[in-house]
Amino acid sequence: MGTTTSPEVHFHWKSILLTSCFFTNLLFMPLKGYLSEGSPFTTDSSVEASEFDMTLPLLFNASTMAPTIMYDYDSQYGLDVMRTVVADVLDPTDATTTTLNPVYSILGVPYFPPDVKRNWPWVLTSTNHTTAGPLHATHTIISWNITILTASASTSVLWVVPGNDLGRTAATSNASSTVYYVYRPVVKMMLWRLVKLLYRIGLCVWIFMLCTTHYYCHVYHLYNNLKTIPLHVTSPAMTRYEIVVGEPTCVVLSNPWLCLAFVMDICASTEYVGQACLRVCQTENWLYFGLGLLYLGRTVWCAYSTLTILNIMLKRCHRTTWFAPANTTVLAVAATWAGGGIVTIQKQWPKVLDLYTSLFVPYDVDTDVSKLHHIGHMDIALIMAVYLGMMCSLPFAVAACSGVWNAVQRSTTKMPTLTRKTSFVSILIATNRRLSSIGSIGPIHAMEMVVEPPKHTVESSFHSNDFKHRLMLWFCNLGKLNHDMYTGGSVYPLFQQCPDYQSQCTISQRGGDCYVLSYDRHDHIVEVTRVTLVSQIDLTVVHRPFRINQLTTNAAVGRFVVAKKSDAIRAATLHRGCSNSPWVS
37 MGTTTSPEVH FHWKSILLTS CFFTNLLFMP LKGYLSEGSP FTTDSSVEAS
87 EFDMTLPLLF NASTMAPTIM YDYDSQYGLD VMRTVVADVL DPTDATTTTL
137 NPVYSILGVP YFPPDVKRNW PWVLTSTNHT TAGPLHATHT IISWNITILT
187 ASASTSVLWV VPGNDLGRTA ATSNASSTVY YVYRPVVKMM LWRLVKLLYR
237 IGLCVWIFML CTTHYYCHVY HLYNNLKTIP LHVTSPAMTR YEIVVGEPTC
287 VVLSNPWLCL AFVMDICAST EYVGQACLRV CQTENWLYFG LGLLYLGRTV
337 WCAYSTLTIL NIMLKRCHRT TWFAPANTTV LAVAATWAGG GIVTIQKQWP
387 KVLDLYTSLF VPYDVDTDVS KLHHIGHMDI ALIMAVYLGM MCSLPFAVAA
437 CSGVWNAVQR STTKMPTLTR KTSFVSILIA TNRRLSSIGS IGPIHAMEMV
487 VEPPKHTVES SFHSNDFKHR LMLWFCNLGK LNHDMYTGGS VYPLFQQCPD
537 YQSQCTISQR GGDCYVLSYD RHDHIVEVTR VTLVSQIDLT VVHRPFRINQ
587 LTTNAAVGRF VVAKKSDAIR AATLHRGCSN SPWVS
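Counting from 37, one number per residue, gives the positions in the sequence shown under the working numbering.
Bear in mind the hints are in silico, worked out from the structure with no lab data behind them. One or more of the hints may lead you astray.
Stated by the list, open to error - Ranges between beta-carbon positions, derived for each pair: (1) T104 to S447: 49 to 55 Å; (2) V562 to T264: 16 to 22 Å; (3) A304 to A433: 34 to 40 Å; (4) D520 to A360: 26 to 32 Å; (5) D559 to L53: 18 to 24 Å; (6) V494 to A304: 42 to 48 Å.
To be verified - Derived pair list, reagent style PhoX-like, types lysine-lysine, alpha-carbon separation capped at 25 Å: (7) K387 to K153; (8) K504 to K516; (9) K263 to K50.
Just so you know, even glycine gets a beta-carbon here, dropped at the ideal spot from N, CA and C.
Use the sequences and the hints to build the structure in full.
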């Protein structure tokens, strides 16, 4: 009497390595801000600019800084210091125009008050009549505070030293001045910083729970099912299964409350957003330029929040065909470069920079407007709202650029091929609209739906993935396999025709798919099956345009079967796998 040997099941070690890296990146994402922010346990306290400005020329001058340093960060005082050499202005009346005013070449100019920029030639002229040297108190020192809704956010101090402190020749030193600018984020009270730390740790715990309960527990369920149950009802005897694990990023990013929690964290850290903006405006110190880009990349959560809220609105209004699922990797890269690029462009164009500065709201203004500087405080609430609003609109900008790129590609494609593709897509769209107008079709007895073996489709292939997931599969050596060996992905044709049935129609969920490699007794791969989480199917949709029936099947994973008539989906059945399997092939 023969005995049935259970197949061996194990995880692909390379996929475990990759998914662990992505999981770690997600888990510690709330704490990445501390790469730029100060320690939450520091004992320093915030001070007004007027209390801090007189000591700075003693700390930062030609004798304390190397002549090659134009941008540096002082960890002891928690401030960024910049210095720029500008040519002296002999006649201020000749340097009032935007093109001649040297203030626009100074590091830190995005945060200069309007009166300082307007009176800058006279500031330089007054400097020429002061006594040089860091120990003299005759420097032209200007200080102001930047606030957010009147709450102190940062301190800015500016002073000008005659001569060139960057190690130029004596000839150039006589006709130039060195501008020092210091930006110091406010170090808030200890209680605030501890609450903020606990808040971020709570976000880490939240991400951990989402990844484990909504993804990795389901992967373990798949592992247990494959040890005792065939992958498919019609599967031949397999001796070994190997699971290529996906990654849970798409599952985490689809939670609207988590995305909004990250946006709140950004809004509570405006002083460091301002610091990051200054760092991307310079290229003298590439380390801090990179840290600035990385910090501003956190604003991608504004884009994710837009997508999650848009998903709710589109599904409620039954307009899911209006927006294709966005690639989160592209959004993250776009946010990292666009977030810093916006500020960099403003720095390069004086007129745009003036428009940017006009959004600062000055208050505590000295009534004596004859002074070179009479603005003591500037509020940045308005400019922060505009900046975050621009990052919230990033998905639409990326979609527009993608549409233009696709149009350019189609214009370079041969017309016969383009005509066939267009006509096929038009048929699907027209069929979908026709079915949506009909409403519930009800049970269709003339069409029989049976559990058939999984077939190779375009959606099951290696190339039907975003760049990040495709790179993962290539690293796991799946890119070398024959395309005919790929099966599964049965839910994606439904999502393409009827996006209403997709739980998340604005964020691509393909990165969470796993691949099951089936080996025969000769240890040869005979099939690669793509499995998708059942949670991606919105089973609550009842009458748009048909109801999804649910049955059970004796297989490790489920199977989604559709009945078609005239190339249109007329009915669908979800055959769930054993033990209420959360996966469908």
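How the hints compare with the structure:
no., hint, in the structure
1, T104 to S447: 49 to 55 Å, "50 Å, holds"
2, V562 to T264: 16 to 22 Å, "20 Å, holds"
3, A304 to A433: 34 to 40 Å, "26 Å, violated"
4, D520 to A360: 26 to 32 Å, "28 Å, holds"
5, D559 to L53: 18 to 24 Å, "22 Å, holds"
6, V494 to A304: 42 to 48 Å, "45 Å, holds"
7, K387 to K153, "12 Å, holds"
8, K504 to K516, "17 Å, holds"
9, K263 to K50, "21 Å, holds"
Hint compliance for this structure: hint 3 is the single one not met.
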